[in-house]
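Colleague: The listed protein sequences derive, respectively, from chains A and B.
For reference, each letter of the first sequence is one residue, going 1 to 276 in the working numbering.
For reference, each letter of the second sequence is one residue, going 1 to 276 in the working numbering.
These aren't lab readings, by the way, just hints derived from the structure by calculation.
Any given hint could be a false lead.
Which copy is meant is left open, because identical chains are indistinguishable; a pair holds if it fits in one copy or across any two.
[Claimed, not checked] Straight line, CA to CA, 27 Å or less: simulated DSS-like cross-link-like pairs of lysine-lysine:
1. LYS252 to LYS11
2. LYS252 to LYS95
3. LYS20 to LYS8
There are 2 protein chains.
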Amino acid sequence: MELWFTEKQTKALGLSCLVKRTIHAETTPYQELAIIETEQYGRMLVLDGMVMLTEADEFVYHEMIAHVPLSVHQNPRHVLVIGGGDGGTVREILKHESVERVVLAEIDERVVETSREYLPSVSSGFNDPRLVMAIGDGIEHARQHPGEYDVIIVDSTEPIGPAAGLFGTEFFRLAAAALREGGLISAQTESPFINGDLIRRTHQGLSSVFPFRRLYLASIPTYPSGLWSFTLVCNHEPPYLSPRPLPGVECKYYSGDVHRAAFALPPFVAALVAGD
Amino acid sequence: MELWFTEKQTKALGLSCLVKRTIHAETTPYQELAIIETEQYGRMLVLDGMVMLTEADEFVYHEMIAHVPLSVHQNPRHVLVIGGGDGGTVREILKHESVERVVLAEIDERVVETSREYLPSVSSGFNDPRLVMAIGDGIEHARQHPGEYDVIIVDSTEPIGPAAGLFGTEFFRLAAAALREGGLISAQTESPFINGDLIRRTHQGLSSVFPFRRLYLASIPTYPSGLWSFTLVCNHEPPYLSPRPLPGVECKYYSGDVHRAAFALPPFVAALVAGD
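Next comes chain A alone, as it looks inside the complex:
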């Protein structure tokens, strides 16, 4: 018998993976959580039926959401991750020697614990002494820590369920206030092929808070359409096309050239944030 997991990425689109076995499944206070072992992409973390990561392609997402802002900031020391309970983003941030402290504000502790147990290659930074676990509401954390962070990374799930607030203007204002001078924020902002309206609306919302906003792209096979967007925002125009070299930071997807290339938007994508 073959078992297949299918994420209905939209009402009319599905991605299916052959499953070797279900490793873990539970209902947390916030969402349905499962870890399954797939034939194609290794272990997969599924929240509310949506693929959050797989062992085979998570490096793209985590490297691109972390190293782009961290290489543009001249000396990132204090970093906040909102969401990101699996630990992949934390793992990448900790590759930076300048970073003294990473705060992980994940609302669902069970994501953290499950990743620690079943996704060791993703959660490998959890024992680093520079990591501070701040289980709870990331929006509230930002509110209570004004002027504290050099870089904030919004590593959220889809804009429904527990992460809905992370795409709104009110959140952007709190996040902006939590930045130190010269600080930067990166956020995942969905697929230009599937969620063009969301990208447009999110950038319109951001424009009332941040004078500088740039979309950048990466290829993530297990996310809808395979093309994913991130947004870099800042209170001033950072040298976003001139990333610092990152000696000692080993990557499979990110490089200085890939960084610059990620900001080269195809015209149909540029149109989503035109006049922005």
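Dock chain B against the given chain A, drawing on the hints supplied.
Modeller: The following block gives chain B in isolation, referenced to the frame of chain A:
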């Protein structure tokens, strides 16, 4: 009742689209051919169960396989397309004013006729007087026309079935011989996430024929993994990072910046063609 079409992209991976209706289905002398109307991506051309194109995302593939070589060549006048019977590549080539003649060497006439009938936005160049239909074996065509083409575009299906020969060294030799001085070839070379071995083998085969070879990338949602590779080859090093401006060539994916960015390979992709 919902009807879904699923392409098993590998033995362990499927992409599924909700189907509004089947528009056309037949068995040609070469393959099974179908046109279906999908809810997500519009009309879809399916050959032997594999997605060849959809109306919603075909522009990426066709713009990138055509405009990259045509913008690097200084004055492309004679162009050969091997495969590509749907006409999308021809449509893009014909946007170039310098092009005097496009020869379409498609082995399966039914692909051409079906696209003409059911995919008018793709086959829109079929009535252009600069187009020469050469229904038949593209390898044989190349053999019989040495020194004739400025650009050859290998717009093939997967390396199984009728297109198997188009990934081999013997074909590359014939294609090289069909080029005029300064000529270039582009070919689709599958997904770095799924078909890394094929990319590696193909580039090794190419290295015995062409001194210059470069992989480039584009995001195509309906192809396996969503990240697709193309290969540009030439007898000399062309100015591949300095494409000519293309005034009057309107695109949705291609631009000069996207062209340059497409050659910025993530380290895991660069490793596939390292030492190449």
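Colleague: Hints broken by the structure, by number, lowest first?
Modeller: Per hint list: zero violations.
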